[in-house]
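Dock chain B against the given chain A, drawing on the hints supplied.
2 protein chains.
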Amino acid sequence: MTRSAPDPARRSERSRTAVLTAAAELVAEVGFARLTIEAIAARAGVGKQTIYRWWPSKGAVVFDAFLAASENASGSLDLPDTGDLAADLRAVLRPTADELADPGFDNTGRALTAEVVTDPALLREYRERLLDPLLEVTRERLRSARESGEIAPDADLDLAVELLYGPMYYRWLHGLGPLDHGYADRLLDAVLRSLRT
Amino acid sequence: MTRSAPDPARRSERSRTAVLTAAAELVAEVGFARLTIEAIAARAGVGKQTIYRWWPSKGAVVFDAFLAASENASGSLDLPDTGDLAADLRAVLRPTADELADPGFDNTGRALTAEVVTDPALLREYRERLLDPLLEVTRERLRSARESGEIAPDADLDLAVELLYGPMYYRWLHGLGPLDHGYADRLLDAVLRSLRT
Chain A
1421 MTRSAPDPAR RSERSRTAVL TAAAELVAEV GFARLTIEAI AARAGVGKQT IYRWWPSKGA
1481 VVFDAFLAAS ENASGSLDLP DTGDLAADLR AVLRPTADEL ADPGFDNTGR ALTAEVVTDP
1541 ALLREYRERL LDPLLEVTRE RLRSARESGE IAPDADLDLA VELLYGPMYY RWLHGLGPLD
1601 HGYADRLLDA VLRSLRT
Chain B
1421 MTRSAPDPAR RSERSRTAVL TAAAELVAEV GFARLTIEAI AARAGVGKQT IYRWWPSKGA
1481 VVFDAFLAAS ENASGSLDLP DTGDLAADLR AVLRPTADEL ADPGFDNTGR ALTAEVVTDP
1541 ALLREYRERL LDPLLEVTRE RLRSARESGE IAPDADLDLA VELLYGPMYY RWLHGLGPLD
1601 HGYADRLLDA VLRSLRT
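Note that the protein sequences, when read in sequence, are chains A and B. To convert a position in the first sequence, counted from 1, into our numbering, add 1420. To convert a position in the second sequence, counted from 1, into our numbering, add 1420.
A few of these clues could be false.
To be verified - Cross-link-like lysine-lysine pairs, in silico, DSSO-like; alpha carbons within 30 Å at most:
hint: 1; chain 1: B; residue 1: LYS1468; chain 2: B; residue 2: LYS1478
hint: 2; chain 1: B; residue 1: LYS1468; chain 2: A; residue 2: LYS1478
hint: 3; chain 1: A; residue 1: LYS1468; chain 2: B; residue 2: LYS1478
hint: 4; chain 1: B; residue 1: LYS1468; chain 2: A; residue 2: LYS1468
The hints are simulated quantities; they were obtained by calculation from the structure and are not laboratory data.
The shape of chain A in the complex, shown without the other chains:
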């Protein structure tokens, strides 16, 4: 379908996408503290008013930019079930390590973390849109492994997902060591040893 007249809804969606892209690029380049709404507006080619119409704060824009990027890459939320638990979890943990180790992600991830952990409303949204779905597909895969006898019948699945993601997140946030596939694999081995007993 072609249109000869401009479509306000489509133009609006284009502006929204431009703002989110600009925010993601800028926070990766200059960090959250030095990011300004002015700079986002300039790079996106929109007025500051356009941004303030949709988002109450710089934190809210960055947060939405991060969620949009994560949701676009949401193939990672389909945790496979090949019958080999180690292989399936490795397929999530290795890309997670890659993402956390990516310097382009680092600033954004830290800015997002700072916003999310100090703002209960943002934390709720982050959990609903991103974290809880990830934890739930992981628990679901572990549940299936528990039923097939790959892990202990009394394995605590809430604890198990925290053991899988918590140490890597802790290492990343505090800069404790490299985040590579070797680390992801050692972490996974350790957690599986614990779950199999």
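Using the frame of chain A, we list chain B on its own:
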């Protein structure tokens, strides 16, 4: 020893302590975002200038307040070595769960986390003064357990400390579930199962 003339060094130390106490109380009461230097100065009974002379920002004051409180309670950094690894680690993990579950700590801890993870200089100071010493005494206790055969001879101690502290921190930051002694004990059991194999 009594003095009849005022002692500037002592008065200065008294002001510093008053500022740190006021900052710790206020951040717990109102959260970091709504905390102001004015409010800290008013409660501490000092001028704003006194605060700005010693600290460049609100974040720096809160950070120092947190470190001062942690260093005062630094008995927890003496990790016992009774020969019973589970008992010794339980003596650290249970109080850690208590601290994270304390509503009075929660705001301060979140504000501190937000500052630390987005400011490389603060992260360095946090690691040097607080995190690295904690991780090192824990590694030291695990090293002794490795030598006595309580855990596997090839246990990865860097990973082990992340397995001990990471999941609890992850649960706390994201509000994933209760932080009580039962949780601390289940976490510890899981990590020890992994280390013993």
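Results for each hint:
Using a Cα cut-off of 30 Å, the hinted pair LYS1468(B) and LYS1478(B) holds, with the two alpha carbons roughly 11 Å apart. Between LYS1468(B) and LYS1478(A), the direct Cα distance comes to roughly 28 Å. Compliance with the 30 Å bound is thereby established for this hinted pair. Annotation: proposed proximity of LYS1468(A) to LYS1478(B) holds, straight-line Cα distance about 28 Å (limit 30 Å). Under the criterion of a C-alpha separation no larger than 30 Å, the hint pairing LYS1468(B) with LYS1468(A) is inconsistent with the structure, at around 34 Å.
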